[in-house]
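These protein sequence lines map, in sequence, to chains A and B.
Counting along the first sequence from 1, when you hit position 207 you're at 207 in full-length UniProt numbering, and nothing is skipped either side.
Counting along the second sequence from 1, when you hit position 95 you're at 95 in full-length UniProt numbering, and nothing is skipped either side.
Because the hints were derived from the structure by calculation, they are not lab data.
One or more hints might be untrue.
[Stated by the list, open to error] Per the computed footprint, the stretches of chain B lying under chain A, defined by three or more beta-carbons under 8 Å from a beta-carbon of chain A, are: (1) 152-163; (2) 173-181; (3) 216-227; (4) 301-308.
Positions of the beta carbon are idealized from the N, C-alpha and C atoms, including for glycine.
Protein chains: 2
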Amino acid sequence: MADEKNVAILGATGAVGTQMLQCLAERDFPVGELRLLASARSAGKEVEWCGRQIELVEATPEAFEGMDIVLGAAGDDVAKQLLPEAVRRGATVVDNSHAFRLDEDVPLVIPEINAEDVSWNHGLIANPNCATIIGLVPTWPLHKLGHVSRMVVSTYQAASGAGAPGMAELEAEICAMGRGEKLPEPRAFADQLASNLIPQIGSEKFEGYTSEEMKMQNEGRKIMHEPGLRVNCTCVRVPVLRSHSESITLEFDEPVSLDDAREALASAPGVRLVDDLAAENARDRFPMPLYTSDQDLVWVGRVRRDISNPDEARGITFWCCGDQIRKGAATNAVQIAELLL
Amino acid sequence: MADEKNVAILGATGAVGTQMLQCLAERDFPVGELRLLASARSAGKEVEWCGRQIELVEATPEAFEGMDIVLGAAGDDVAKQLLPEAVRRGATVVDNSHAFRLDEDVPLVIPEINAEDVSWNHGLIANPNCATIIGLVPTWPLHKLGHVSRMVVSTYQAASGAGAPGMAELEAEICAMGRGEKLPEPRAFADQLASNLIPQIGSEKFEGYTSEEMKMQNEGRKIMHEPGLRVNCTCVRVPVLRSHSESITLEFDEPVSLDDAREALASAPGVRLVDDLAAENARDRFPMPLYTSDQDLVWVGRVRRDISNPDEARGITFWCCGDQIRKGAATNAVQIAELLL
Numbered sequence: 001m002a003d004e005k006n007v008a009i010l011g012a013t014g015a016v017g018t019q020m021l022q023c024l025a026e027r028d029f030p031v032g033e034l035r036l037l038a039s040a041r042s043a044g045k046e047v048e049w050c051g052r053q054i055e056l057v058e059a060t061p062e063a064f065e066g067m068d069i070v071l072g073a074a075g076d077d078v079a080k081q082l083l084p085e086a087v088r089r090g091a092t093v094v095d096n097s098h099a100f101r102l103d104e105d106v107p108l109v110i111p112e113i114n115a116e117d118v119s120w121n122h123g124l125i126a127n128p129n130c131a132t133i134i135g136l137v138p139t140w141p142l143h144k145l146g147h148v149s150r151m152v153v154s155t156y157q158a159a160s161g162a163g164a165p166g167m168a169e170l171e172a173e174i175c176a177m178g179r180g181e182k183l184p185e186p187r188a189f190a191d192q193l194a195s196n197l198i199p200q201i202g203s204e205k206f207e208g209y210t211s212e213e214m215k216m217q218n219e220g221r222k223i224m225h226e227p228g229l230r231v232n233c234t235c236v237r238v239p240v241l242r243s244h245s246e247s248i249t250l251e252f253d254e255p256v257s258l259d260d261a262r263e264a265l266a267s268a269p270g271v272r273l274v275d276d277l278a279a280e281n282a283r284d285r286f287p288m289p290l291y292t293s294d295q296d297l298v299w300v301g302r303v304r305r306d307i308s309n310p311d312e313a314r315g316i317t318f319w320c321c322g323d324q325i326r327k328g329a330a331t332n333a334v335q336i337a338e339l340l341l
Numbered sequence: 001m002a003d004e005k006n007v008a009i010l011g012a013t014g015a016v017g018t019q020m021l022q023c024l025a026e027r028d029f030p031v032g033e034l035r036l037l038a039s040a041r042s043a044g045k046e047v048e049w050c051g052r053q054i055e056l057v058e059a060t061p062e063a064f065e066g067m068d069i070v071l072g073a074a075g076d077d078v079a080k081q082l083l084p085e086a087v088r089r090g091a092t093v094v095d096n097s098h099a100f101r102l103d104e105d106v107p108l109v110i111p112e113i114n115a116e117d118v119s120w121n122h123g124l125i126a127n128p129n130c131a132t133i134i135g136l137v138p139t140w141p142l143h144k145l146g147h148v149s150r151m152v153v154s155t156y157q158a159a160s161g162a163g164a165p166g167m168a169e170l171e172a173e174i175c176a177m178g179r180g181e182k183l184p185e186p187r188a189f190a191d192q193l194a195s196n197l198i199p200q201i202g203s204e205k206f207e208g209y210t211s212e213e214m215k216m217q218n219e220g221r222k223i224m225h226e227p228g229l230r231v232n233c234t235c236v237r238v239p240v241l242r243s244h245s246e247s248i249t250l251e252f253d254e255p256v257s258l259d260d261a262r263e264a265l266a267s268a269p270g271v272r273l274v275d276d277l278a279a280e281n282a283r284d285r286f287p288m289p290l291y292t293s294d295q296d297l298v299w300v301g302r303v304r305r306d307i308s309n310p311d312e313a314r315g316i317t318f319w320c321c322g323d324q325i326r327k328g329a330a331t332n333a334v335q336i337a338e339l340l341l
């Protein structure tokens, strides 16, 4: 087919790379040749995709030859080293790493918010941080109502944010705990995560805030085109497998009614409003990570006035959950790739 | 001994009642007769305490005869029905239920904050909500520096907040999960808690806020003698056994320097400052519920400016963890009883 694109995935064996493969299939992305790039160690192994048997190829500069679109699912170092080689060979890259997100000549895109920024790319488009995506998808329709000037965010981030090793570590801990055995030594996380909370994600970055915490402000400003946005974020790892949750308080420049906010959320793309404390089943009352995993929407609930704001009409608080591997990473990247078609 | 007090515990078999027994022993409370009151079903069973064998007695009005101090660890309904009978019989009651907390003639006390309010009691003193205690113990020394006018709080509350059945339910879920078995039907919680988060504690109370969420503001105003305090609280149940954690952002009337805030926290009674992201071991970097369980202090860390506040000098953000059964309930009640000696 003339419209088909040759697609490569860099880091195809990780949690995000594997999910990208699944998203391409689910969304009927017009894939011509599919090239799966991995470490030398994985090269030669085969992966089945849509009835095709695909051999993993070692990620080298030459491996990008002939590709139209490259989806990056590797870490910052590999991304920095290899993805400019893909651009040089004519591919358009959508990269999930942190490496290029704040570069001035790289658009940073959440399709529900700033799809138009894809148009000025110079071969590389960055996929935002997972907690940033999940927090901003529901913030955006509210921003359009009253202009958000300030956000106070506390996150409840899943093990999957540390990739497949993070999920495996939490599962192994729960397994040992359930069997009354000694827990394995923590490797993916700084300490035991099962039955615990770890209030640091990333390294110290700015005045006591971690790198993960600063992403919400720095990436949010770029995505929303709001250089004055102020965000106070506290990022906490919780013993949940793969959906991130966030408690978000917004402050607006203009008054926003609760009815308008609910209506905006109910009709916003990428959002599912689940907000009825009187519902019979708990899963219909508010979003919970157990039910938001392995699907593509950000679920929003507990929408209410911020009663601590001296001007209550300018404050709204809500809770949201979304799958970290899908909308927080792979789905958003494939949506960006769709904008390139 | 002349100074000994006859002490009764109402609800002696629950998680909080059992912990009260342990706290009385640990703190060398001068206990004369110890009377343990429970349901008719438990009456007759024996409990060992400090080498004494004590038979559980059915909780009736007459069972309070001759008691000097009664510690209430029962639910609201039992508290409302029985504790006035204890007061009528001359006892001074310290009650952990919600029943009397906001009554005008009942002091609501966190000894580190308003010990002096014990003096005007009329036979009944209320112990605050667990999340309120754990959040306010570190907020108080900061309030004294710059006067807190506004709090935005997101909680990460342990299973123990739902008592022994809550802890047993989470343990049973982890046990089944670890063994690959079907999880038991949820009873203590609205849904599965293991590997999940439940963003509702208590029932709907005020404009979309739950009863648990409104306690931080309503009880906080009374304890701190600050009727104008505004609190936006989001209460979330997390799969942790017995320590509550909270992400708290404070807004002050007056500027507060970070150095002064840290110094005030480091020297505040009831607080342990654990705030060093560069420490070698994760447990020395920030408070985690795994390490704050079964001890009496509220641990505080991640202390930093609120960079979202337009006037940064008037905003501080921190993270704290404390044992919900101890400082959140039993220890605080026994500390109040000590003020009565």
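Status of each hint after checking the structure:
no., hint, verdict
1, 152-163, "holds (count 3)"
2, 173-181, "holds (count 6)"
3, 216-227, "violated (count 1)"
4, 301-308, "holds (count 8)"
Of the numbered hints listed earlier, the single one contradicted by the structure is hint 3.
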